[in-house]
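Participant: Sequence:
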Amino acid sequence: MRPGIRRFGEEFFLYSSQFVAFFIFILFITPDSGSLGIVAAGLFALFIVVQTILLAGSGHKILLRFLYSLITPFGYSIIRGVAGGFSILDMANVFLWGAAVYSGLFQTAALSATDSRIRRAAEGFLALGSAIIFVFFYYYLNLKLGVEAAFKNGDMDRAAYDLALDIRAFPSSFIDFIKKPQNWFPAFGATTFAFMLLASKLRTISLHTRIERLFGSEACGKAATIGGEDSATGGGASGKPDSSGGQNDDTMRPLSTEAHRKPATIISSDILGFTDISEKLGPEGAAQLLNRYYSLWHLEASQHSGRIFSLTGDSVILVFGLDSDNVGADAALDAALAFLGELSGLRNDLMASGLPATFDVSVGVHTGTIVEGMLGAGADRKPGVFGDAIAVAARLDSLCRELKQDLIVSQTTFSRLGLESQSSLENIGEVLLRKSTHPVPVYGKKQKYN
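In this text, residue positions in the sequence shown follow numbering that gives the first Met the number 0: the first is 0, and each later residue adds one.
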């Protein structure tokens with residue numbers, strides 16, 4: 000029950016509150032609403048509640064997010080039409096429909112975008128749009144009160160009243176509005192408040208929801224279960240693989256029940272100094288950090304056709320290329336870079352939750368041959384992988400501390416990358432790896448110089 004209430008509250012305060020008070024108030028003061036004022040306001044509030052419930056339940060689905068965002072303006076138009084004296088070109092109607100369509104489009108864009116830059120751009124347009132909407136609503140309320148007073152005093156007939164509130168009169172009346180200095184401060188205040196609200200919204204949605212979407216979901220629950228059962232020592236990893244793998248379950252190739260060799264690309268990742276961090280956080284805080292860390296890796300594995308095979312403490316082993324004919328080198332590198340790119344969001348999410356956010360992550364990427372099959376004893380047998388390639392990835396992961404890198408890619412992986420992926424890396428030296436008799440080149444993220 001509590002998660003449902005929390006989701007309802009998030010949807011209501013993040014998406015609906017800027018419309019509620021204003022338009023209910025407008026319904027109360029509409030001259031021709033008469034005795035329908037309270038009834039109309041109650042019906043409109045019901046539309047808002049229905050919209051919020053539907054968004055809280057299915058707002059993560061792209062098409063439904065947009066369609067459900069139109070429930071409020073649809074309800075407003077219906078109620079005003081029933082009350083009488085309603086025009087489609089009424090400014091309030093146009094503003095509400097415009098605001099709903101604008102917000103719905105950019106919310107769906109933020110939800111559907113896989114590139115974090117596109118998501119942030121969409122959220123930036125949401126912030127800008129909300130500020131403009133706040134100013135327009137204040138302008139309309141100011142105009143409405145003035146026109147209403149003139150109408151009641153007999154200074155304006157009904158035709159002039161309707162014309163003054165028609166969207167076609169907007170350009171000239173808005174210019175008059177902004178020419179008056181007394182309107183600057185409320186407009187500035189509304190804009191500032193909108194950006195303050197949206198700053199919180201950006202943090203909550205952009206940084207928190209990406210992780211919370213998995214952290215509180217069934218998918219993240221699977222990852223947490225894996226972490227309690229797996230082991231990743233001795234160059235092997237076993238456990239129930241991540242079933243999402245970036246594909247639908249019905250198209251995902253299951254691991255073979257017979258052990259066999261398969262070329263693949265492995266990611267090994269750790270949180271630097273996690274033992275000290277966990278002592279400071281305590282059991283509950285450390286568990287929250289790990290679950291968010293797992294969730295972010297789960298997200299990137301899902302989006303880049305990879306599988307999580309081991310979650311042990313702060314150590315994560317992912318395998319790419321099991322479900323395709325290639326070794327998954329490009330997909331693994333893309334996942335690693337995307338994960339590191341989202342770390343700032345993870346840190347801010349932890350900070351918003353009152354947890355320390357000063358930590359770094361190391362990532363090793365290596366391509367080699369692994370063995371996949373059913374591992375374990377008796378009824379505890381489950382899909383797993385093992386091989387030297389996993390140990391090499393773990394070695395590269397540990398070398399990040401020595402070479403002061405957050406990502407190290409082996410020469411074997413580098414040689415399998417496309418030109419575009421290779422261009423994002425640079426040679427950072429040579430190291431001695433497992434079973435190698437001479438140093439081999441390794442690569443890190445290319446530094447950006449001004």
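Since the hints were derived computationally from the structure, they do not count as laboratory data. Owing to the predicted nature of the structure, the values given are computational and were not obtained by experimental measurement. Backbone N, C-alpha and C fix where the C-beta goes; we use that ideal spot for every residue, glycine too. Check each hint, because a few of them may be wrong.
Stated by the list, open to error - Taking lysine to aspartate or glutamate pairs in the EDC-like style, the calculated list, with each CA pair at most 16 Å apart, reads: (1) K261 x D359; (2) K261 x D379; (3) K444 x D405; (4) K143 x E122; (5) K143 x D165; (6) K178 x D89; (7) K444 x D333; (8) K261 x D322; (9) K403 x D359; (10) K143 x D154; (11) K444 x D322; (12) K179 x D156; (13) K403 x D387; (14) K403 x E419; (15) K143 x D161; (16) K178 x D161.
Stated by the list, open to error - If you anchor each label on the Cβ, the simulated ranges turn out as follows: (17) I52 x E429: 56 to 64 Å; (18) Q287 x P438: 38 to 46 Å; (19) S323 x F173: 50 to 58 Å; (20) K381 x K403: 32 to 40 Å; (21) L62 x G340: 26 to 34 Å; (22) G41 x T357: 29 to 37 Å; (23) G123 x F187: 16 to 24 Å; (24) E278 x W183: 48 to 56 Å; (25) E429 x T357: 26 to 34 Å.
Participant: Confirm or reject each hint.
Facilitator: Results of checking the hints against the structure:
Between K261 and D359, the direct Cα distance comes to roughly 32 Å. Violation of the 16 Å bound is thereby established for this hinted pair. Between K261 and D379 the alpha-carbon distance is near 23 Å, which puts this suggested pair outside the 16 Å criterion. Taken as a hint, the K444 and D405 pair is honoured in the structure, with Cα atoms around 8 Å apart against an allowance of 16 Å. Simply put, K143 and E122 have alpha-carbon atoms about 31 Å apart, too far for the 16 Å limit, and the pair is violated.
Restraint check: the Cα-Cα separation between K143 and D165 comes to about 11 Å, which is no more than 16 Å; the hinted pair holds. Restraint check for K178 and D89: the C-alpha separation of about 23 Å exceeds 16 Å, so the hint is violated. With a CA separation close to 12 Å, the supplied pair K444 and D333 stays within the 16 Å bound. Between K261 and D322 the CA atoms are separated by roughly 10 Å; this keeps the pair inside 16 Å, and the hint holds.
Proximity of K403 to D359 is assessed by CA-CA distance (about 11 Å); at most 16 Å being required, the pair is judged to hold. A C-alpha spacing of about 14 Å is found between K143 and D154, which places the hinted pair at or below 16 Å, so the restraint holds. With a C-alpha separation of about 27 Å, the suggested pair K444 and D322 falls outside the 16 Å cut-off, and the hint is violated. Annotation: proposed proximity of K179 to D156 is violated, straight-line Cα distance about 25 Å (limit 16 Å).
Proposed proximity of K403 and D387 is contradicted: the alpha carbons are some 24 Å apart, above 16 Å. Distance check on the hinted pair: K403 and E419 sit about 24 Å apart at the alpha-carbon level, beyond 16 Å; violated. At roughly 11 Å between alpha-carbon atoms, K143 and D161 fall within 16 Å of each other, so this suggested pair holds. In summary, the hint linking K178 to D161 is not supported, as the alpha carbons are separated by about 23 Å, beyond the 16 Å threshold.
A C-beta distance of roughly 60 Å is found between I52 and E429, which places it inside the suggested range of 56 to 64 Å. The given range of 38 to 46 Å is respected by Q287 and P438, whose C-beta atoms sit roughly 41 Å from each other. As the Cβ distance of S323 to F173 is approximately 56 Å, the hint placing it in 50 to 58 Å holds. Checked against the hint of 32 to 40 Å, the pair K381 and K403 passes, with Cβ atoms roughly 37 Å apart.
With their beta carbons about 28 Å apart, L62 and G340 fall inside the hinted range of 26 to 34 Å. Here the CB-CB span from G41 to T357 is close to 51 Å, at odds with the stated 29 to 37 Å. With their beta carbons about 20 Å apart, G123 and F187 fall inside the hinted range of 16 to 24 Å. Separated by about 54 Å at the C-beta atoms, E278 and W183 satisfy the suggested range of 48 to 56 Å.
Take E429 and T357: their Cβ atoms lie about 32 Å apart, and the range 26 to 34 Å holds.
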